[in-house]
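Each chain, written out:
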Amino acid sequence: MDLSIPLMNSLTLGSLYTLMALGLTMSFSVTKIANFAHAELVTVGGYVTALLVNWMGFGLGESLIAAFIASALLAVAMDEGVFKPMIKRGSKPLFLLVASIGIGLVVRYLLFVYADLNAVITVQAKTSVELIGRFGRAGITTIHLWVFPITIASVVLLHLMFHYTKPGKALRAMADNEDLARVSGVKIYTLRRLMWFIAGGITGVAGGLWAAYSVITPEIGWYALLRIFAASILGGLVSFWGTIAGGLIVGFAENFGITFMNTYFNVSTAYRPLISFVIIVIVLLIKPTGFAGFDIVEWVKEKIKGGGE
Amino acid sequence: MQIEFLFSYMPIFTSFIVLFAIYLIAALSLNMEYGYGGIPNFGHVFFISVGAYMAGVLTARTVDYLAGIKAGYCSGQASVLRTEYLSSHPLEAVAIFVASLILGAIVGGLFGYASSYPALRLKEDFLAITLIFIGDMGRIIARNEEGIVCALTGLTGIANPLSFIKDVGTRSIAYALIVVAFAVLTYVYVQRLAKSPFGRLLKAVRDDDLAAMALGKVVPRVRGEIMIIGSALAAIAGVLRTFYIQGVVADDFQPLITFLVLTMVILGGMANNKGVILGTLIMTALDQFISPSFFSLLGISVEFDVTYMKYIIIGLIIILVLMFRPQGAIPEGPVETPALELSRSSEWDVEEGLEIESEGGSES
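Going down the list, the sequences are from chains V and D.
The numbering used here puts the first sequence at residues 1 to 309.
The numbering used here puts the second sequence at residues 310 to 673.
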């Protein structure tokens, strides 16, 4: 069995899932909303990229910046328009989840109407894809040169932001305890807006990259949402590094898992989503916190010490 | 002239009534689980689909066996033969219908019990996430397996149990009456359940499970029971739907169905069965009348698929209701106890005291 193709797919999709899931983790840890409309941020980013590239002749770089802005603004609008007023009225977290489903429906089907009117129900950004190298049988293309650097850069920038800048630290404080952050003089509403802007933006960029990588439809976000949640839940929905590990695990588990099952047990590749679903169920039932609070250095130290129990 | 006009619209009217009754059963069962029990069963469509698949598989397999149909399970020929057999053997057709209802409810209840395992252990929103995806996973399995409902083609030839009635108009009215009877029975059942001690226990567990546990109530059992009841009812709705559309296609059971049913409950008013009837009526009307066939009947043509508009409106209703009237059109009333009923019928003035008590209970 040749593993080079599933390996490349896993890395590419794993990176995209990581980017998308980082947005979800950020918004969940700060606002505690399980945002189902997160799917639509992916779709909007994808469509903005695909249409700018195809219709306006923009380069992929400029289109991705536009996708960042579009999804970021949508995310801020969601919060300002629906979530914030609801929280101020004292809505239960579950109602916020249901409201996010409502937002998702509105945005998704508005996109469907737009796509139907313009005959772009399925679309792919027509960028020039060139083969630059080979890894086993899998080709490395220019798309990969976009995906990997952007993912790594986003992770590094987010890490620097959360650890070395004032708004980043304040956001972590808010995620930990909003009331305490507020009485300490953190401007929580300004920061919330910043958080939604960044979370929406990176999700949109991931959607844009997806549009360059493969064909998208207005339902692409819903399709990705299962994986996004799986990745994010692996990080306990709050852990930054846990989410990154989660995104890669989901990418690898799906591609290797389904290749393996397909080769040896003749399982249809259509069952791919079940793998992410099983990850969600197992993590939630066995260790709902995921990788959150899991410190590999401490864990190794404890193993070396030989168990203090 | 007038009567003829009415008759020409009769099929639309009966189909509306049937769909309303089926949605009502589904919405009432979701209201039992979510409104009264506080379990966010957003995988409701999965339990409806379990009943639908059950009816399809049971009918097709039994008829294939009884009539000795050799043509493939999914072939068009088998579908024609099944319809012929069922319309010429009224007794068998009705027996299979009844068996499907019973088995569908049992299997639905079993799945409900199985999914109450996570329901006892997860936090509300995590449970909602899991259940939403459960709903879609069932569909993914069904649309890829030939043996259940013939993958993407769908299983056909599940003739209506009343197909021995030759006149189509009479038959559809008769079937509509059966479905309505089921809806009425369901309503009476959930209404009695809600007013019973079990209904009050459900609300207690929903509002504060720790307090209920401290009072010696077995919370996991209550949650398990309500999941069984709710899922069995949802499965019955699925069975009735399969026999109505005379077939079953996996892709009909999109997560959107859950959201449609959920909108009925939220719009009408959670934990209020009368409100759910109102919500179901509004949403069924929306579901039926914002459709390509109805639009072409009215002579309106739009450039895009009309069904998209339906989902945009559903989304807007969800958002607006949750923002501005989270209690729904008809809010949850005070807990119905014998004392409250007595106070209404006699001169006792205990209403005030009860009002205060119930407000305290429902606000938390």
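Keep in mind that the hints are not guaranteed to be accurate.
Claimed, not checked - Below 30 Å or equal to it, Euclidean Cα-Cα: the simulated DSBU-like pairs (lysine-lysine) are: (1) V/K169 <-> D/K432; (2) V/K287 <-> D/K526; (3) D/K432 <-> V/K84; (4) V/K287 <-> D/K432.
Just so you know, these hints were derived from the structure itself, not from any lab.
The hints, checked one at a time:
{"no.": "1", "hint": "V/K169 <-> D/K432", "verdict": "28 Å, holds"}
{"no.": "2", "hint": "V/K287 <-> D/K526", "verdict": "27 Å, holds"}
{"no.": "3", "hint": "D/K432 <-> V/K84", "verdict": "22 Å, holds"}
{"no.": "4", "hint": "V/K287 <-> D/K432", "verdict": "13 Å, holds"}
The structure is consistent with each of the numbered hints, conforming to all of them.
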